[in-house]
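Trainee: Here is how the chains run, residue by residue.
Number of protein chains: 2
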Amino acid sequence: MYERIKGFRDFYPGEMRARRVVIDELEAAARRYGFREIGTPTLEPTEMYVDKSGEEIVDELYSFTDRGGRDVAMTPELTPTVARMVVAKQQELSKPIKWFSTRPFWRYEQVQQGRFREFYQTNVDVFGSAEPEADAEILAYCADALSGLGLTAEDFEFRVSHRDILGGLLESFDADVETREAIRAVDKREKVKRTEYHALLTEAGLSREQAEEFDALLDTDDLDELVEFAGTERVERAVANLENVLEAVEDLGAREFCSVSLETARGLDYYTGVVFECFDSTGEVSRSVFGGGRYDDLIEGFGGQPTPAVGVALGHATLSELCRRAGVWPDESLETDYYVLRVGDTRPVAARIARELRERGNVVETDLSGRSFGAQMNYADSIDAETVVIVGERDLANDEITVKGMASGEQTAVPVDAFPGEFERPTYDDFE
Amino acid sequence: MYERIKGFRDFYPGEMRARRVVIDELEAAARRYGFREIGTPTLEPTEMYVDKSGEEIVDELYSFTDRGGRDVAMTPELTPTVARMVVAKQQELSKPIKWFSTRPFWRYEQVQQGRFREFYQTNVDVFGSAEPEADAEILAYCADALSGLGLTAEDFEFRVSHRDILGGLLESFDADVETREAIRAVDKREKVKRTEYHALLTEAGLSREQAEEFDALLDTDDLDELVEFAGTERVERAVANLENVLEAVEDLGAREFCSVSLETARGLDYYTGVVFECFDSTGEVSRSVFGGGRYDDLIEGFGGQPTPAVGVALGHATLSELCRRAGVWPDESLETDYYVLRVGDTRPVAARIARELRERGNVVETDLSGRSFGAQMNYADSIDAETVVIVGERDLANDEITVKGMASGEQTAVPVDAFPGEFERPTYDDFE
Numbered sequence: 001m002y003e004r005i006k007g008f009r010d011f012y013p014g015e016m017r018a019r020r021v022v023i024d025e026l027e028a029a030a031r032r033y034g035f036r037e038i039g040t041p042t043l044e045p046t047e048m049y050v051d052k053s054g055e056e057i058v059d060e061l062y063s064f065t066d067r068g069g070r071d072v073a074m075t076p077e078l079t080p081t082v083a084r085m086v087v088a089k090q091q092e093l094s095k096p097i098k099w100f101s102t103r104p105f106w107r108y109e110q111v112q113q114g115r116f117r118e119f120y121q122t123n124v125d126v127f128g129s130a131e132p133e134a135d136a137e138i139l140a141y142c143a144d145a146l147s148g149l150g151l152t153a154e155d156f157e158f159r160v161s162h163r164d165i166l167g168g169l170l171e172s173f174d175a176d177v178e179t180r181e182a183i184r185a186v187d188k189r190e191k192v193k194r195t196e197y198h199a200l201l202t203e204a205g206l207s208r209e210q211a212e213e214f215d216a217l218l219d220t221d222d223l224d225e226l227v228e229f230a231g232t233e234r235v236e237r238a239v240a241n242l243e244n245v246l247e248a249v250e251d252l253g254a255r256e257f258c259s260v261s262l263e264t265a266r267g268l269d270y271y272t273g274v275v276f277e278c279f280d281s282t283g284e285v286s287r288s289v290f291g292g293g294r295y296d297d298l299i300e301g302f303g304g305q306p307t308p309a310v311g312v313a314l315g316h317a318t319l320s321e322l323c324r325r326a327g328v329w330p331d332e333s334l335e336t337d338y339y340v341l342r343v344g345d346t347r348p349v350a351a352r353i354a355r356e357l358r359e360r361g362n363v364v365e366t367d368l369s370g371r372s373f374g375a376q377m378n379y380a381d382s383i384d385a386e387t388v389v390i391v392g393e394r395d396l397a398n399d400e401i402t403v404k405g406m407a408s409g410e411q412t413a414v415p416v417d418a419f420p421g422e423f424e425r426p427t428y429d430d431f432e
Numbered sequence: 001m002y003e004r005i006k007g008f009r010d011f012y013p014g015e016m017r018a019r020r021v022v023i024d025e026l027e028a029a030a031r032r033y034g035f036r037e038i039g040t041p042t043l044e045p046t047e048m049y050v051d052k053s054g055e056e057i058v059d060e061l062y063s064f065t066d067r068g069g070r071d072v073a074m075t076p077e078l079t080p081t082v083a084r085m086v087v088a089k090q091q092e093l094s095k096p097i098k099w100f101s102t103r104p105f106w107r108y109e110q111v112q113q114g115r116f117r118e119f120y121q122t123n124v125d126v127f128g129s130a131e132p133e134a135d136a137e138i139l140a141y142c143a144d145a146l147s148g149l150g151l152t153a154e155d156f157e158f159r160v161s162h163r164d165i166l167g168g169l170l171e172s173f174d175a176d177v178e179t180r181e182a183i184r185a186v187d188k189r190e191k192v193k194r195t196e197y198h199a200l201l202t203e204a205g206l207s208r209e210q211a212e213e214f215d216a217l218l219d220t221d222d223l224d225e226l227v228e229f230a231g232t233e234r235v236e237r238a239v240a241n242l243e244n245v246l247e248a249v250e251d252l253g254a255r256e257f258c259s260v261s262l263e264t265a266r267g268l269d270y271y272t273g274v275v276f277e278c279f280d281s282t283g284e285v286s287r288s289v290f291g292g293g294r295y296d297d298l299i300e301g302f303g304g305q306p307t308p309a310v311g312v313a314l315g316h317a318t319l320s321e322l323c324r325r326a327g328v329w330p331d332e333s334l335e336t337d338y339y340v341l342r343v344g345d346t347r348p349v350a351a352r353i354a355r356e357l358r359e360r361g362n363v364v365e366t367d368l369s370g371r372s373f374g375a376q377m378n379y380a381d382s383i384d385a386e387t388v389v390i391v392g393e394r395d396l397a398n399d400e401i402t403v404k405g406m407a408s409g410e411q412t413a414v415p416v417d418a419f420p421g422e423f424e425r426p427t428y429d430d431f432e
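From first to last, the protein sequence lines are chains A and B. No gaps in the numbering here: position 168 of the first sequence is 168 in the numbering used here, and each next residue is one more. No gaps in the numbering here: position 74 of the second sequence is 74 in the numbering used here, and each next residue is one more.
Hints were generated in silico from the structure; no laboratory data involved. Where hints are given, some of them may not hold.
Chain copies aren't distinguished; within one or between two, either way the pair holds.
Here are the simulated lysine to aspartate or glutamate pairs, EDC-like style, with alpha carbons at most 16 Å apart [stated by the list, open to error]:
(1) K6 / D384
(2) K188 / D222
(3) K191 / E60
(4) K404 / D381
(5) K6 / D66
(6) K191 / E263
(7) K404 / E263
(8) K52 / E25
Chain A with its partners taken away, still in its complex shape (with noise of 0.2 Å):
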């Protein structure tokens, strides 16, 4: 017996089949609004992803040399392929690109609640506009596909921020700030103690004072008074960019799942614009359900030229959890139309009756093991079949079949030449 490898994930059918209308859910609103879903490949040339992160990354890949002196590695994440993509046919696509895409992806991290080796996401990107108008449309697809799922403004909240507001407040203290090193320690604020997120920010190069001056600074609700405070261009700028963008996002009905939140900055280095994560309203799913943000320089370090560029990884496991904890997970039963039995010599007729069945469409199994009656009953009830059409040696001489609703245990003979007739979906209700 074989072992499943550590951090990977078997979905059995009941499991699969509510990812799956999850799944069907997200790339639905993807298609609205006109993204179109590509397909990438699981490997990509290892240093596409230490050019871009650094050679800490490959700690977490899953990279090796293939049987072609090739260094490889499983994509962790989709943005560096898409970029790739981008750049090879630049010329060629008409702009702006919109993209989509679902798959799998690795990453060799420790294992726990809602984290796993081998994890799924959704892909949605904008290349080539850097109006306010393409990230209120990433943010707008993500209301909208998580209100397909059943969510309300009640569960979730899209915390939205700027990565120039944070780094234009840093600089305007008058000490010499590590940017990257300051963001980092804000992006662990709520995860860490407050001690160890103050020291943090002070080895970034504030002092205790302008630490705490700083952190003021973060909650407030009042935009002009960071402006003020930096007097800075930069901070002007970026606080207009993010009110353009809020603006944008309200157009499209979708403002009030958006709260500013100075706090969200991120934990990847790429992003240069608005940046934003989903979270749990109720906080019972307590990290960032997914995130976001506009990576405006990516395109051009990877050798094409300058591409603005938004979008949204959106994670599915994180998800489900808070699917679940809304308690709008889908149902994880099966579903099955009919179930058609047969008793002794009466194949033909069975076989007949299911491919007419399915040639209308339904969901339908029959007998592929010659059981008994009893068994082949059993067997109807575990996949939850609707309707059983019982075809029996006996009915068959008085040319009628059984149609039998599993609900309510009614049946009822039906002339076998009327079955399933007209009908696209007969069920006993149509025949008693």
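Since the structure of chain A is provided, determine the placement of chain B on it from the hints.
Mentor: Chain B only, in chain A's frame:
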């Protein structure tokens, strides 16, 4: 600029759209038969493949040692994984177990026309029935799936055989035959020169004369002749089983797609009963499109209770070649219901219209880049928008918008409050 890894593919939206239509059809057909979707991991223990296929398989694997010291392989096929999953929940799963899934697999092979190192398959399997109805259901499913793609009996055929017919015939020769070698030779019958083929048979232990006699038998239409020639119970049973399967296929309406073809041996060693391959009827796609068969011993070999099984792996690469050859490959152009074009300060109205059209399930794009009227029209053209809704400042001053049908070029003014109004998918024709 980074290079894509050799043998791996990027799918841009046009090709991906056609592939998605194909995948959806293959999966919808599987669902109608009551096959249930499962999700499976990308990595498995390398030894799982070595135990099943021998040490030489490693040369074809993307295998490596992970950071935890595990010898892992990117799955080269699905069957061992589903066998592992069946064994892991053998007690809970009600039989027959009917599963399907679509995903990529990986083999380090020579890259050539229609063969890639990353390749996609839809796998469909039944576990727990040894009866001919199960084999027949797999064949009927394949026929339905291909018919659903628009392929007909003119386009493809299933060449069906039984592993024990070949094995039994070989056994009946007065010679010390290496059955595996001989069956592999038969599998190459159409692929290599006649002299080479005969050499392979003699290497396997047949005399020259026996090889010719054996070869002549393969072309017979009369299965009874084989039973008589061999004179063994093994061949008699195999022929009877094959005939029973074809009879059950007849009941399911798929007999017309099947021909008996003894040379269909399948390269893989684990088949135990009926085997089949799908071929292009015109021969233009020269290699088999896909294949499958019965493998009754695998689950037991994986440490489970004896569990008969039959399945098929539909490879998308050769299937797409067949679809293209037959002229039924889906349209690769994008589909867009609406482009909402805005001119001047009209974003709230344009956004409201886009939102309401999306709520009705339509594919809607709108300006994300603050572009000119002309640039927006060109973009609407490039995404094959069916209808352009023009929201202009001057029109809006009269509480009007303009609805333009892109095929005809005709346009008309519509009261802004009447759009989309009661309509699910309003076009120019609704307002002219």
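Trainee: If a hint holds in the structure, say so; if it doesn't, say that too.
Mentor: Here's how the hints hold up against the structure:
1. K6 / D384: Intra 33 Å, inter 46 Å, cutoff 16 Å: neither.
2. K188 / D222: neither (23 Å within a copy, 76 Å between copies)
3. K191 / E60: Neither: 21 Å inside a copy, 45 Å across copies.
4. K404 / D381: within (12 Å within a copy, 54 Å between copies)
5. K6 / D66: Intra 22 Å, inter 11 Å, cutoff 16 Å: inter-copy only.
6. K191 / E263: For K191 and E263, only the intra-copy Cα distance (11 Å) is at most 16 Å; the inter-copy one is 65 Å.
7. K404 / E263: neither (60 Å within a copy, 46 Å between copies)
8. K52 / E25: Cα proximity of K52 and E25: none, with 32 Å in one copy and 39 Å across.
Of the numbered hints given earlier, the model fails hints 1, 2, 3, 7, 8; all others are met.
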